[in-house]
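Student: Top to bottom, those sequences are chains A and B. Under the working numbering, the letters of the first sequence match residues 1 to 423, in that order. Under the working numbering, the letters of the second sequence match residues 1 to 423, in that order.
It cannot be assumed that every hint is accurate.
When chains are identical, the list treats them as one kind, so a pair holds in a single copy or across two.
[As the list claims (entries may be wrong)] Below 20 Å or equal to it, Euclidean Cα-Cα: the simulated EDC-like pairs (lysine to aspartate or glutamate) are: (1) K225 <-> E213; (2) K113 <-> E245; (3) K225 <-> D197; (4) K225 <-> D270; (5) K113 <-> E303; (6) K225 <-> D3; (7) K225 <-> E319; (8) K113 <-> D381; (9) K225 <-> E245; (10) K225 <-> E126; (11) K113 <-> D322; (12) K113 <-> E28; (13) K113 <-> D313; (14) K225 <-> E303; (15) K113 <-> D285; (16) K113 <-> E360; (17) K113 <-> E407; (18) K225 <-> E407; (19) K113 <-> E354.
Worth flagging that the hints you see were computed from the coordinates, not collected in a lab.
Protein chains: 2
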Amino acid sequence: MSDLQQIVHALGRRARAAARVLALASSEQKNRALAAIADELLAATDPILAANAADLTAAREGGLSPAMLDRLTLDRVRLTAIAQGVRAVAELPDPVGRNLRDWTHANGLRFAKISVPIGVIGFIYESRPNVTADAAALCLKSGNAVILRGGSEALASNHALAAAVARGLERAGLPGDAAQLVPTADREAVRQLCALDEFVDLLIPRGGRGLIETVVQHARMPVIKHYDGICALYVDAAADLAMAERIALNAKCQRPGVCNAIETLLVHRDVAAEFLPRVARVLRDRGVQLRADPGALTVLGGEQAPGIAAAADADFRTEFLDLILAVKIVDSLDAAVAHIAANGSHHSDTIVTEDATAAEIFLRAVDSAVVYWNASTRFTDGAEFGFGAEIGISTDRLHARGPMALEELTTYKYVARGTGQVR
Amino acid sequence: MSDLQQIVHALGRRARAAARVLALASSEQKNRALAAIADELLAATDPILAANAADLTAAREGGLSPAMLDRLTLDRVRLTAIAQGVRAVAELPDPVGRNLRDWTHANGLRFAKISVPIGVIGFIYESRPNVTADAAALCLKSGNAVILRGGSEALASNHALAAAVARGLERAGLPGDAAQLVPTADREAVRQLCALDEFVDLLIPRGGRGLIETVVQHARMPVIKHYDGICALYVDAAADLAMAERIALNAKCQRPGVCNAIETLLVHRDVAAEFLPRVARVLRDRGVQLRADPGALTVLGGEQAPGIAAAADADFRTEFLDLILAVKIVDSLDAAVAHIAANGSHHSDTIVTEDATAAEIFLRAVDSAVVYWNASTRFTDGAEFGFGAEIGISTDRLHARGPMALEELTTYKYVARGTGQVR
């Protein structure tokens with residue numbers, strides 16, 4: 001084994017041992033650990049901010065964009081919020097040990113389906129160091145050990161944060177190895193993690209195409225991707241156009257850089273002449289560029305109109321994460337559904353209509369994690385769903401779809417209690 | 001693309017199109033298709049048996065074992081049973097469209113979590129042709145399209161069966177492409193399926209180590225393995241030894257060739273001298289060979305005793321699927337749990353004890369799909385669980401654990417109905 005392989009293998013071995021302890025920890029002990037972690041994070045404010053300052057200096061020298069620098073930055077206010085987030089997780093119900101179902105066999109054997117931790121989770125994410133503490137807290141609460149692989153530009157910050165987390169775990173009598181950081185920025189470490197199916201039960205990658213592709217290609221264990229949101233708003237022939245305008249504005253502009261913002265606006269032909277100029281006006285006022293298909297371009301006054309450009313096909317398959325919206329006129333509800341099936345990312349899509357039949361067809365036929373009728377796609381979020389916290393939003397279909405929180409960090413086992421039953 | 005790639009790619013493309021239709025089919029239409037498939041299977045008795053005879057001739061020339069030849073053989077009785085099995089699936093409740101949970105946001109947005117089909121399932125299995133019809137029926141009922149990859153020795157039989165299935169689908173107005181057979185015995189086709197994440201949402205391999213390893217290494221999509229059962233019976237210090245004997249006999253001998261039979265017997269030191277000779281006698285009468293660790297070997301009279309051999313370490317990590325049982329004396333409940341964690345396959349394990357505290361520790365600490373107290377491991381089975389049918393028994397941890405049936409062939413989506421809600 002190479003040195004790196006040895007390092008990653010040792011992380012895995014220790015995580016597996018820690019997971020066995022964590023799986024049997026009581027709710028009370030896990031909550032005590034969360035409180036201790038919050039305390040340790042605040043107590044380590046100075047070293048954490050010093051480590052973050054070193055990361056920021058290197059990142060500035062490396063030419064990181066201002067937006068990325070902002071995401072990387074920690075200060076006293078942000079660190080306090082991180083510690084409060086950890087304390088808030090303690091308040092949530094324990095997702096482990098829930099009785100999901102029970103029944104009795106005709107022979108008297110009593111079955112119960114019980115939620116249990118997944119085991120060891122490999123969590124691969126980018127830039128923002130607050131995710132390090134959030135993910136550690138959620139994995140701890142759900143009884144899982146976690147191996148954290150953050151962005152290379154946040155390595156020193158993450159080190160300092162993870163050290164505080166480990167101290168908190170140990171203060172509560174739990175193994176510090178329950179939340180370990182991959183101690184190197186070497187990209188090869190991700191591939192090593194992907195091969196570690198002996199020790200890692202689930203990989204959660206959250207990031208860009210390069211990261212996701214590496215994980216999909218190499219992982220030997222289950223993967224739940226947290227990837228693109230190419231979300232669409234479809235304005236039906238029977239839409240309340242004032243409502244459609246409000247929803248378009250909210251879903252595009254309230255926070256354009258997140259995965260549940262819309263990237264595509266589909267408008268039924270019958271209302272396009274009325275709706276498109278109207279929505280274009282309010283969107284333009286908010287600085288949104290519209291990239292219009294030929295039909296929409298005509299209605300909107302052509303490319304010379306301010307804030308209007310011609311759409312390329314690729315624009316309908318792009319997560320802009322910016323004040324850009326691809327616009328298309330469709331002939332029917334079916335055409336809208338077909339467009340979403342062919343171009344969307346199965347994340348979140350919404351129909352605005354007063355026609356309940358059309359709405360129910362859309363809700364049934366659109367195969368996305370969350371499908372809305374007369375509401376903004378921005379509600380696809382763990383907190384909005386009432387989950388209390390989230391580790392991300394799954395764009396995969398199995399085990400977890402959409403907002404992924406504590407329950408989605410558990411699996412189940414069956415327990416059967418008998419009196420000597422045989423077949 | 002190679003010819004094979006083109007063939008597999010086309011299977012995927014057609015399966016995806018069929019899955020879209022199937023996902024929206026009504027329960028009534030799916031049940032009509034199941035009835036039509038059963039009819040078509042019986043109507044095609046002659047060509048199916050002729051194809052099977054050709055497979056059997058080739059298999060005999062290829063030197064297939066008598067046991068494998070028996071598994072490959074179809075006759076009128078078996079074909080009637082297959083058709084009845086398909087009809088029985090129609091009687092089961094539709095697993096699609098169940099309301100798994102619903103709640104309302106403070107702003108009035110109404111959420112529902114609804115079961116939906118997974119999409120396209122790649123099912124890779126070995127030898128027994130009855131699995132072809134079973135899997136097609138279960139996937140159809142759960143609204144999924146399936147690509148079937150059976151054993152090469154059953155290719156002609158599977159062709160004839162799949163043709164009857166496709167005719168049944170079409171008679172009910174559903175796409176025949178909803179259940180397609182990979183039309184070649186080329187092993188490379190499995191690797192091509194593994195790369196087809198554009199069209200295949202889940203791979204279910206059911207077979208030996210070579211197949212599983214190929215799939216784990218190459219699959220780009222989720223995989224649910226149906227693999228080894230290295231199941232253990234632990235006889236506690238406080239066991240009812242007569243019950244332990246009955247359960248050992250049942251779990252080892254009732255059907256030794258299946259994954260939920262026990263392969264390991266762990267006996268607490270305090271009862272070993274009394275229990276081991278006694279259970280050895282009844283097991284020997286049933287033709288079982290015991291492979292004993294040094295401690296058990298001494299109690300059992302050494303290697304010269306009839307039916308007794310010394311165990312190698314590997315015997316405790318082997319799925320014998322035969323009348324062989326690895327036997328070990330352990331010092332404590334904890335040692336039994338540790339042995340199972342280190343050597344078992346997380347399938348099914350059981351404790352026999354009258355001590356409820358010991359039982360609950362075992363049920364909690366043993367991390368297997370099904371954990372039993374005072375019952376045979378042989379109950380790990382879709383029919384025994386009341387699931388009505390099963391596509392296999394998952395040895396994985398995510399999405400489906402243990403018996404996998406109709407519900408486990410679905411995933412979910414969220415549907416949210418609003419009145420113009422924005423954030």
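Student: Now tell me, hint by hint, if it's right for this structure.
Tutor: Consistency of the hints with the structure:
1. K225 <-> E213: Within one copy only: 10 Å inside a chain, 22 Å across chains, cut-off 20 Å.
2. K113 <-> E245: neither (46 Å within a copy, 27 Å between copies)
3. K225 <-> D197: both (17 Å within a copy, 13 Å between copies)
4. K225 <-> D270: The answer is neither: 38 Å in one copy and 50 Å across copies each exceed 20 Å.
5. K113 <-> E303: neither (60 Å within a copy, 43 Å between copies)
6. K225 <-> D3: Neither: 28 Å inside a copy, 32 Å across copies.
7. K225 <-> E319: within (16 Å within a copy, 34 Å between copies)
8. K113 <-> D381: Result: close only across copies, 14 Å inter versus 28 Å intra.
9. K225 <-> E245: neither (32 Å within a copy, 48 Å between copies)
10. K225 <-> E126: For K225 and E126, the Cα distance is within 20 Å only inside one copy (14 Å; across copies 31 Å).
11. K113 <-> D322: Cα proximity of K113 and D322: none, with 44 Å in one copy and 30 Å across.
12. K113 <-> E28: neither (23 Å within a copy, 30 Å between copies)
13. K113 <-> D313: neither (48 Å within a copy, 33 Å between copies)
14. K225 <-> E303: neither (37 Å within a copy, 54 Å between copies)
15. K113 <-> D285: neither (54 Å within a copy, 37 Å between copies)
16. K113 <-> E360: between (33 Å within a copy, 15 Å between copies)
17. K113 <-> E407: Intra 14 Å, inter 14 Å, cutoff 20 Å: intra and inter.
18. K225 <-> E407: within (17 Å within a copy, 23 Å between copies)
19. K113 <-> E354: Answer is neither; intra-copy 42 Å and inter-copy 23 Å both fail.
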